[in-house]
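Participant: Protein chains in written order, with my numbering: chain A, 1 to 308; chain B, 1 to 308; chain C, 1 to 308; chain D, 1 to 308.
Read the hints as simulated data drawn from the structure, not as lab findings.
No false leads were mixed into what you were given.
Identical chains share a label here; the pair holds if one copy fits it or two copies do between them.
Straight-line C-alpha distance at most 16 Å; calculated EDC-like pairs for lysine to aspartate or glutamate:
1. Lys84 with Glu249
2. Lys301 with Glu229
3. Lys128 with Glu75
4. Lys128 with Asp183
5. Lys139 with Asp151
6. Lys218 with Glu229
7. Lys149 with Glu135
8. Lys128 with Asp188
9. Lys20 with Asp284
There are 4 protein chains.
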Amino acid sequence: MDIQAMLQRAYDYGITYIDKGVVANYIPELAKEDKTRVGGAVVDTDGSVYTVGSDQYQFSIQSIVKIIIYLCVLEHYDFDYIQKFIGVKPSAKPFNSILALELSEKNIPVNPFINAGAIVGTSLLFRKYGNNTFEMILKRTQELIGNDKIDYSRSIFNSESSSAFSNRALTYMLLNGKIISPDVNVDDLLNVYFKSCSILVNVADLAQLSFILSRDGKDSAGKQRCNAEHARILRTIMATCGTYDYSGEFAIQIGIPAKSGVGGGIVTASRAGYGIGVYCPGLDAHGNSYVGTRMLEVIAKELSLNIY
Amino acid sequence: MDIQAMLQRAYDYGITYIDKGVVANYIPELAKEDKTRVGGAVVDTDGSVYTVGSDQYQFSIQSIVKIIIYLCVLEHYDFDYIQKFIGVKPSAKPFNSILALELSEKNIPVNPFINAGAIVGTSLLFRKYGNNTFEMILKRTQELIGNDKIDYSRSIFNSESSSAFSNRALTYMLLNGKIISPDVNVDDLLNVYFKSCSILVNVADLAQLSFILSRDGKDSAGKQRCNAEHARILRTIMATCGTYDYSGEFAIQIGIPAKSGVGGGIVTASRAGYGIGVYCPGLDAHGNSYVGTRMLEVIAKELSLNIY
Amino acid sequence: MDIQAMLQRAYDYGITYIDKGVVANYIPELAKEDKTRVGGAVVDTDGSVYTVGSDQYQFSIQSIVKIIIYLCVLEHYDFDYIQKFIGVKPSAKPFNSILALELSEKNIPVNPFINAGAIVGTSLLFRKYGNNTFEMILKRTQELIGNDKIDYSRSIFNSESSSAFSNRALTYMLLNGKIISPDVNVDDLLNVYFKSCSILVNVADLAQLSFILSRDGKDSAGKQRCNAEHARILRTIMATCGTYDYSGEFAIQIGIPAKSGVGGGIVTASRAGYGIGVYCPGLDAHGNSYVGTRMLEVIAKELSLNIY
Amino acid sequence: MDIQAMLQRAYDYGITYIDKGVVANYIPELAKEDKTRVGGAVVDTDGSVYTVGSDQYQFSIQSIVKIIIYLCVLEHYDFDYIQKFIGVKPSAKPFNSILALELSEKNIPVNPFINAGAIVGTSLLFRKYGNNTFEMILKRTQELIGNDKIDYSRSIFNSESSSAFSNRALTYMLLNGKIISPDVNVDDLLNVYFKSCSILVNVADLAQLSFILSRDGKDSAGKQRCNAEHARILRTIMATCGTYDYSGEFAIQIGIPAKSGVGGGIVTASRAGYGIGVYCPGLDAHGNSYVGTRMLEVIAKELSLNIY
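So that you can see chain A by itself, here it is in the shape it has in the complex (with noise of 0.2 Å):
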C-alpha cells in the first residue's frame, strides 16, 4: 500500500464536502479559523510519518484531549472507583446537556467525553496536583505525543474562558450534586480545563497520538508511552463515546474509534496499529469536522481498518 497516495486520495475526496462544514463561532478565536484548511497524517505501522495539505498548520486540541484528560484519572484512580464520578454510557444527547445530567441515573457524567465528565475527570486531577495540575496534564500530551514543544494558545484560553457559561453551569450542578469535591475552586478548575482545550497540535502530532493508542501504549522505538490496558479502554470509549451523539452514526459510516474535538481535528485509534490524525476546522451538526469525517472514510476503507 502506497499510504502516501491512499492519504491524498482522501485528502481530494475530502475537499469536495469543504463547503458543507461550518467553523465553530462560540468561541470567538476560533470563529476566526479558515475552513478551506485541510490537513492529513498517517503514521505507519513501522513507524514512518505520511502528511497531506496543511501540515505544519497548528489547531486547537479542543475535546481530544478528554481523551489525555480520563488517561491521567486512569493513572491515578481504580477504574472501578471512577465509575462513581464519571460512566462509560453512549448518549445520544448533544455533549453540553444539562438535562442528560439530570436524568442520568446518578447525576454522574455518563462518560468522560462530554464536557461534565471532562470536567469531573479534571477535578479528580486537580485533588493530587492542585495548581499544578494544567503543568501535569501538558506534559503527559508533550510524552505521549513525543513532542515537548507542545504548548497551549493563550488567545484560545482567554477566548474560551469568557464565555463558557455552560461550562460554568455544569461545574455547579455537579458540586451542588457532590460529584465534584466541595474545596475545589470553580475558577481555578475551569482555567486547567479550558487551557487543555487550547493545547496546539499539528496533524502529524495527532497521528502520534493516535499510533500510541493503537499499539496498546507503545511508541515506533518499542517504548511503553502508557499502560496497554489504558489505551484499550480509551479506544473502547472512542468507539462508542467519541463523535458525540454522531457516535452511532459514525461506527456504521467509518467504523474506526475516533475522538473529535470543535477546533476542527479528529484522531482515531485502531488495533491494526496505525496512527491517524486528520484536520479541518468547518464542523458538521454534531461538532465533528466535516471534512474530516469523510477523509477518514477514504482512509478506514483504504488500510482496511473497520473494526466491526
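Got chain A sorted already, so can you dock chains B, C and D onto it with the hints?
Facilitator: Below, chains B, C and D alone, put in the same frame as chain A:
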C-alpha cells in the same frame, strides 16, 4: 370578631403540628433555628395590630423577598416586556429545578417565585442600579413595611453565598440562554440576591407587607405605597405559584394567595383587607412552614378569606 | 347593571379578535366548525338568563366535561383517596404531554383537567358503573344543567375515537404504572371518555352549569344540585388549572376560575354568583377560545368578578 | 485451542454467579424459568459445533429477534430511508423508556434494539406483508439459523400480549407522531411483534445465527444467507446498542458485539468468525443474562475476540 382570640386559636392549633416540620439544613445558618418557635400577626382592616407567640423574633425573609423583587421589576419595566424574561406560569416542579428551566418553552423561568425567576428579576434591576441594587431593594422593603430599621443578616448572607451551587448553576444557564445579560458580574448579582434573602423581619413586618398587598397598595393611613395594579398582579401570582409545587394543594386547603420562605415565614394577600404574617421554621416537604400553614388554615377559615 | 347591554359589549369587543383564532383540526369533525360563530350567556344572580349571538348553537363540551367527571369522582370517593390517583397541581406542560406524566412524582396525572387526569377519573367511575358509566355521566350532566334533552354527538364521538392515538398512549402508560386498574377494557373506558367529550351543549347550558358551581351547588330555585364543598374544590382547580398551560396568564388577565374546551366553549365559576358561558371555536395556541377569552375579559371587568 | 474445554471453563466460571441473576417477572410465563439452567454453544470457524450445559433447552428469543426484524427491514428498504423511522444512536435510557422517545430529535426511536425501534421495524414489514408478516419473519429466522423446526411458543405469546401495556403505549405514541402509518391495526401489529419475541431457540440455534453474522452472511457450506453489508451494519449496532443501557460497560468488559434478550439468551457477532450463543434466565439490572455475560467474558478472552 375578636382577632386576638382568633389568633390564639390559630396558634394553639398550629403548635399541635410542631413535631412534623423540619428545619431547612441546606444553609448552615438556617439549620440553627429553633423549630418550636412560633409567631403570628394580623393587621385588622382598621390598621390595628394583633400578635401571638414570638412576635419580636427576627428571621430571614428568604423567598418572600421574591414578592418585593418582582414588584421592583414591575415598577421599572413594562409588563409585556418582562414576559420575555420571566413567565407567570405555575410549575409542578421543585423551586430549584434546572430541568424545569431547560424544558420550558423559551428557556425562561416559568414564574418570578422560583429561584431562577427571582435571579432574572434581580438581573433586570441590576441593569438600572448596578452596585446600588441591593440598597434599592432594602429601601423599598423598608418603605413597603414602614420600618426603616429593617436590615439584612451578615451571617445568613455569608452562609447562603458559600453554599449556593444550584443558584450559581441556574445563573450560568440563564447567561448561556441569553436571559441574563452577559455583562453582569455573577458574584455581584448573586450577592444582591443572597443579601435580599437575608433581610430580617418579624411577623408584624410580614403582616404590614401583607396589609399593603391586600389593600391595593394603600397603608392604614391611606397612603399609596405601591401601585394597585401591581398589588393585584402579585396577589394573583401568589395564588398560583406562591407555595412552590404545593400551590395547587394550598389553594384547596387554605384558599388564599400566599408566599412562603424557607426561613419559616409565610405572608398572605387577601382583598378582604387584612394583613397576615406567620412564622415557624419547621418546614414541610415542599419547603413551606408546617405550623405556619396550619395557622393560616384557621385564620383563613375564621376570617372567611378563601377567595375561591 | 344592564346585563344584556354588558353582554353585547363583550360580544362586540370579542369579535374584533375573530381572525386570531384557529379551529381545532386534530379531530376531523371539529375542523368543520365555523370560527365566526360566537355566542355568550349570563345567568344573573336572580336566575334570569341573558344571551347574545349564536345562543342556540350546540357544540361539543370537550374538556369542560372534565369538571363533571371530577365532580362525579368526588361524589363517589374520599378526597384523600382520590389524591393517590389524580393530583391537584397546576402544570406548565401542554394538556396531552406524556413527558409531564413520566416526570411527575408518582406517575399520577398532575391534575384532573389534563387528559390523563380525566381518563383516570373516568376509570374510577368505571369501577362502580361499568358499562353504565357514560349513562351516569350524561344523566349527571343533565341534572346539573337542568336540561334533560342534553345528548352527545355520534359523529363527533366517532371522529374522536378514530384519531385518539395520544389518549390511548396515555391510557396504556397509566395501566403500566398501575394508576388504572388492569381489568378495565381500554376501548370501553375510552369510549366513555370520548362520548363524554362529545356531549352537546349551548352557551345557556354552560351558563347554568356555571351558576351551580358559582353558588355552592344551589340552582336558582334554591335546590342543592351538588355538594357545596365539591363546588368549592372545582372552582379552586378551575382557577389554578382550568385553561391548560395558560392558566397563570389567564389568572392575571381575566382573574376568574374557568374551564375551556377545544370545542370552543368556556365556562366560569365565580362566588359572586353569576353563571357565565361563552363560545367561539377559534382557539389560541394553548387550546382556549380566542374570542371567548376576550369576551370574559369584558364580563369579568364589568361585573367585578376578578377574585384576586 | 480446545474449544470444548474452553467452553467448559466458561461454564464453570459462569455458574459461580448463578445466585446474582433475577428471572424476568414482568411476563408471567418467563417468571417460571429455572435460573440454574445454563447453556452455551460455539460454532468453530470450520463449522463444527460445541455445546455445554442445557444445550437442548428451548427458550424464547425475546429481544434477540430485533436483529432479525431489522435485518428484514434492511432487506426491504433503503438504509437512508430507514433512518427517517429508526435511528442508529446508542441510548443511555432503559429499553422501554417513553421519555427517551419524546426527547429524541424527531420523535423516532433512537435505534432498532429498543422496543420502540423494533415495533417501528415490524410496522415497516407490515406494510409489505400484512397478515403474513409473522410467517415471513419466522421463515427468515429458520433460514438464517438453518433449522426449519423453529416455531414460537403459544403460551409465551399469550403471556406477552396480555401484559404489554408499555409496548401499547409506545405504539400509540409512534402512531401519534406519524412514525407508524395510521392504517395499521395495533393488535395485529403487536401480535406480530409478540409472536416474534416468543420464537423458541436453543443455544446452538443462537450460535448458528451468530456464525452467519460473524462471517458476513455466509454459512459453513459457503452459502450466502444474508447480505455481507447487512451483517456488518448489524454487528455495528450490536456493538453500540446491543445490551441496552449497559452497552458502554459491556464494550469495555467483554468487547464484542452482542445482543441479549430478557429470555436469558445472548448472541454475539465477531469478525473472527466464530458463532456463539449462551443462555441463563437470571438477569442483571439492565436485562442481560448475568451468567451468560460472565461466560462471554471467558470466551471473548480465550478466543481473543475483543474488537477494540
